[in-house]
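Student: Required output: the full structure, derived from the provided sequences and hints.
From first to last, the protein sequence lines are chains A and B.
For the first sequence, the working numbering gives the first residue as -17, with consecutive numbering after it.
For the second sequence, the working numbering gives the first residue as -17, with consecutive numbering after it.
Identical copies go unnamed one by one, so any copy, or any two together, can satisfy a pair.
Computed cross-link-like contacts, EDC-like style, restricted to lysine to aspartate or glutamate with a CA-CA straight-line distance of at most 16 angstroms:
{"hint": "1", "residue 1": "138", "residue 2": "69"}
{"hint": "2", "residue 1": "138", "residue 2": "78"}
{"hint": "3", "residue 1": "12", "residue 2": "124"}
{"hint": "4", "residue 1": "138", "residue 2": "98"}
{"hint": "5", "residue 1": "12", "residue 2": "151"}
{"hint": "6", "residue 1": "117", "residue 2": "167"}
It is worth saying that the hints were derived from the structure and are not from the lab.
There are 2 protein chains.
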Amino acid sequence: MSLEEPVSTQLPEGKRKRGQGVGAVFETLKHEILNLTLEPGSPIDEVKLAERFGISRTPIREAMVKLAGEGLVVTLPNRFTIVAPIDFANLPQFFDALSLMYRVTTRLAAVNRTEEELAAIWDLQHSYTQAVDAKDVPAMIEVNRNFHAAIAQAGKNRYYTDLFIRLLDEGRRLLRLYYSSYNDELPKIYLQEHEVMLAAIEAQDIEAADRIAQAHAEQIVLQIQSAMTADRRLNSDISL
Amino acid sequence: MSLEEPVSTQLPEGKRKRGQGVGAVFETLKHEILNLTLEPGSPIDEVKLAERFGISRTPIREAMVKLAGEGLVVTLPNRFTIVAPIDFANLPQFFDALSLMYRVTTRLAAVNRTEEELAAIWDLQHSYTQAVDAKDVPAMIEVNRNFHAAIAQAGKNRYYTDLFIRLLDEGRRLLRLYYSSYNDELPKIYLQEHEVMLAAIEAQDIEAADRIAQAHAEQIVLQIQSAMTADRRLNSDISL
DNA sequence: TGTATTTTCATTGTCGACATAAAATATCTC
DNA sequence: GAGATATTTTATGTCGACAATGAAAATACA
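Tutor: See the structure below:
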């Protein structure tokens, strides 16, 4: 199921300073969950994690609580903690919220962006171009996420940004699942849309920003949906 | 600063079962934070909490991590954990997000509500009426929150519901702060608007639901804003 | 042989103690 | 006496160990 070979034996990896343990575990696990290195629904062994990071179970557990708070793992009391399953039943709601956040954050960015933020987003756009040229799909997924996250942050509404980033991250797992059905055309369409979106933000044209954000969202939703229906095999594979 | 005398000595309160500790601490603290029983910005002493609940520090800390995940407390590494300050600077963003969530959840409720959910929401509306009649302000604040949360849940989009409940809870602290400026008129206006809102949801009239939700949001935002400007004294009181 | 009951076993949730970090206090130098 | 440095103090972050829990294995029973 996993797209990459699991990182099996990541030993103590050097002494960590006090208070760094939970953060490191949290970040590492988050990464592995979103990359599908850890299979959705698979159980997480606290003891193994403790050995792997060379720390005791206490900070591991605190990291688990944090991960549970972000919905990345699910804790079954007195039993296990499992990697959050991908909930296909809630996909329509996911798409709905994702679309709305695309629109709202892009609109706000058009209003509130500073020149510095604009430049930083352009940089990310260039990185995306490079990833497309290199046909580096994992990099494309990652940079795409950072691109939209940066736009949201330029909008400067913490509530929208938090939800949007959560949705984008959840979306990364879907994109990973279906990345096999990527063709060469699609990334270029995204690239163009990003270009138009950034132009609207630069020009502070709110309505244009809204329109392109909505179109972009629909594009992505359609893409994932068609990939899903084209590849039903995967659905039966995923533990729900 | 606190509106009620702090619950000082809540002793072990009976043996708890395994795994109930964190939940109880979390819920109790959450309540006390939202009721302003715990002053925003005030430090939280893990040891005292452990004594108060009659458990060790480990489950207390896990509860703190959960609270931090919901933004109810802020952890200063190696120093304290403090009750999340009320961030007056971000208030405009808060109002913006709150308004949008009012609209979106009410719209969705008009589409997706079942008869059972509708009946349950009507019950909450009746409870609200009773609270208004009894001039029981804390009950009004609590029931109002549950009323809108129930509407959101009837809309059946977890992403919106989660964000909205978080915003409503954060709003409870603001309402508590300014509840002194409540007059007798305002609750009745809210009551009427709730009535219209429910009627729109019952009739599944999406556009009407949207309109009244927007109006209701503006009403509340205006109310809080005018209370704030009328009572600046409080701002200097709050440790930021 | 199939079902109900007991026992074992693995893993969690919790505890008390210790080490460590940062602030508060005391001490020293000029 | 003022600033810099050393020391004490207080509360955190972490640890290893233990007990409770629920599932699986083993046993008893019809």
